[in-house]
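Q: Sequence:
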Amino acid sequence: MAKKEFFNLWYSTRRPQWDTGQSPPLLLEFIANHPPGRALDLGCGTGTNVITLAKMGWEGVGVDFAKQAIVQARQKARAESVKAQFRAGDVTRIRFPPQSFDLILDWGCFQGMEAGREIYAQRISRWLAPGGWFLLYSLKYQPDIKEFGIREEDLSLFAALKLIRRYDGFNEGPVTRPSMWLEFFKEP
5 MAKKEFFNLW
15 YSTRRPQWDT
25 GQSPPLLLEF
35 IANHPPGRAL
45 DLGCGTGTNV
55 ITLAKMGWEG
65 VGVDFAKQAI
75 VQARQKARAE
85 SVKAQFRAGD
95 VTRIRFPPQS
105 FDLILDWGCF
115 QGMEAGREIY
125 AQRISRWLAP
135 GGWFLLYSLK
145 YQPDIKEFGI
155 REEDLSLFAA
165 LKLIRRYDGF
175 NEGPVTRPSM
185 WLEFFKEP
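The C-terminal position of the sequence shown is numbered 192 in the working numbering, with every residue numbered one higher than the one before it.
Bear in mind the hints are in silico, worked out from the structure with no lab data behind them.
We treat Cβ as the ideally placed atom computed from N, Cα and C, and that holds for glycine.
Possibly wrong hints are sitting among the right ones.
Unchecked claim - Label pairs and their calculated CB-CB ranges:
#1 LEU32 <-> GLY135: 15 to 25 Å
#2 ASN37 <-> GLY173: 32 to 42 Å
#3 ASP172 <-> SER85: 37 to 47 Å
#4 ALA36 <-> ARG97: 15 to 25 Å
#5 GLY120 <-> ARG181: 20 to 30 Å
#6 ARG82 <-> LYS166: 14 to 24 Å
#7 ASP148 <-> GLY173: 16 to 26 Å
#8 GLY120 <-> LYS71: 11 to 21 Å
#9 ARG169 <-> PRO192: 10 to 20 Å
#10 ASP172 <-> ASP148: 14 to 24 Å
#11 GLU157 <-> ALA36: 27 to 37 Å
#12 GLU157 <-> GLU84: 37 to 47 Å
#13 ARG121 <-> PHE100: 28 to 38 Å
#14 LYS71 <-> PRO134: 25 to 35 Å
Said to hold, decoys possible - Derived pair list, reagent style DSSO-like, types lysine-lysine, alpha-carbon separation capped at 27 Å:
#15 LYS71 <-> LYS87
#16 LYS59 <-> LYS80
#17 LYS87 <-> LYS59
#18 LYS71 <-> LYS59
#19 LYS166 <-> LYS144
Using the sequences and the accompanying hints, generate a full structural model.
A: Pasting the structure below:
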C-alpha cells in the first residue's frame, strides 16, 4: 500500500494518534511572541494548527497529501467558524508565489519524506518572505526505522535560512523517541 493510500485510509477509519486536536506548546509560544501574518502548515492533517493560527489573527493555509485529512480540516474550520484555506497536494509539487508566507510550519511532514527533501527545502526558502520564520518539528532518525526522521546532515538543506533556536527532546506518545524543534529565520 502506498503511503498516500495508507494515510487516507487511516484518516477515513480512525483518529490518528498524532492528531491530538491541540496545538503544541512550542507553537503557541511562538504565536504569542510574533505578530500575525500569512502562514502555511505543511502536512497540516486535520487542520488543528491552521485553525489555531487563524483564531490568533493569522491568515492560514494548510496542505496535506491525504485528501481525507483535508476534508476533515475543512469541516473543523467550518464548525469553529474559522476562515482558513486547505489544499490537498504533495509539498514537493504544490505551487505558491515566491515570498508568500511570513510563517511556514512543519509538524511531522519532513520526517516522513523519503525523497524530495532538497526540493522541499528549496521551496521553503522560496515561499518564505524576508523576515519570515520556518518552524520544524521532527522525530530524529533512528537506524531501526529506515527512511524516517530528521538527520543532522538534513539541517544543511536549510542553509539559506538562519537557525535561531534548536530544542532537542523526546516526543510524547505511545512510543518515546528523540525529537527536535527548529526555528529558522529568513533574513531581510
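Q: Compare the structure with each hint and give your call.
A: Status of the hints after comparison with the structure:
1. LEU32 <-> GLY135: 15 to 25 Å: For LEU32 and GLY135 the Cβ distance comes to about 21 Å; the hint holds.
2. ASN37 <-> GLY173: 32 to 42 Å: violated, 19 Å
3. ASP172 <-> SER85: 37 to 47 Å: holds, 38 Å
4. ALA36 <-> ARG97: 15 to 25 Å: 33 Å Cβ-Cβ, so the 15 to 25 Å window is violated.
5. GLY120 <-> ARG181: 20 to 30 Å: Hint holds: Cβ distance 23 Å, inside 20 to 30 Å.
6. ARG82 <-> LYS166: 14 to 24 Å: violated, 38 Å
7. ASP148 <-> GLY173: 16 to 26 Å: With Cβ atoms ~19 Å apart, the hint holds.
8. GLY120 <-> LYS71: 11 to 21 Å: Given a distance of about 19 Å, which is inside 11 to 21 Å, the answer is holds.
9. ARG169 <-> PRO192: 10 to 20 Å: holds, 19 Å
10. ASP172 <-> ASP148: 14 to 24 Å: For ASP148 against ASP172, whose Cβ atoms are near 19 Å apart, the range 14 to 24 Å holds.
11. GLU157 <-> ALA36: 27 to 37 Å: Holds, since GLU157 and ALA36 (Cβ atoms, about 32 Å apart) stay within the stated range.
12. GLU157 <-> GLU84: 37 to 47 Å: Holds, since GLU157 and GLU84 (Cβ atoms, about 40 Å apart) stay within the stated range.
13. ARG121 <-> PHE100: 28 to 38 Å: Violated - the Cβ-Cβ distance for ARG121 and PHE100, about 18 Å, lies outside 28 to 38 Å.
14. LYS71 <-> PRO134: 25 to 35 Å: Holds, since LYS71 and PRO134 (Cβ atoms, about 33 Å apart) stay within the stated range.
15. LYS71 <-> LYS87: The hint holds at about 19 Å.
16. LYS59 <-> LYS80: Distance of about 13 Å is within 27 Å: holds.
17. LYS87 <-> LYS59: Judged against 27 Å, a Cα distance of about 9 Å means the pair holds.
18. LYS71 <-> LYS59: Holds, at roughly 23 Å.
19. LYS166 <-> LYS144: It holds: about 20 Å lies between the C-alpha atoms, which stays within 27 Å.
Violated hints, in rising order: 2, 4, 6 and 13; the structure is consistent with all others.
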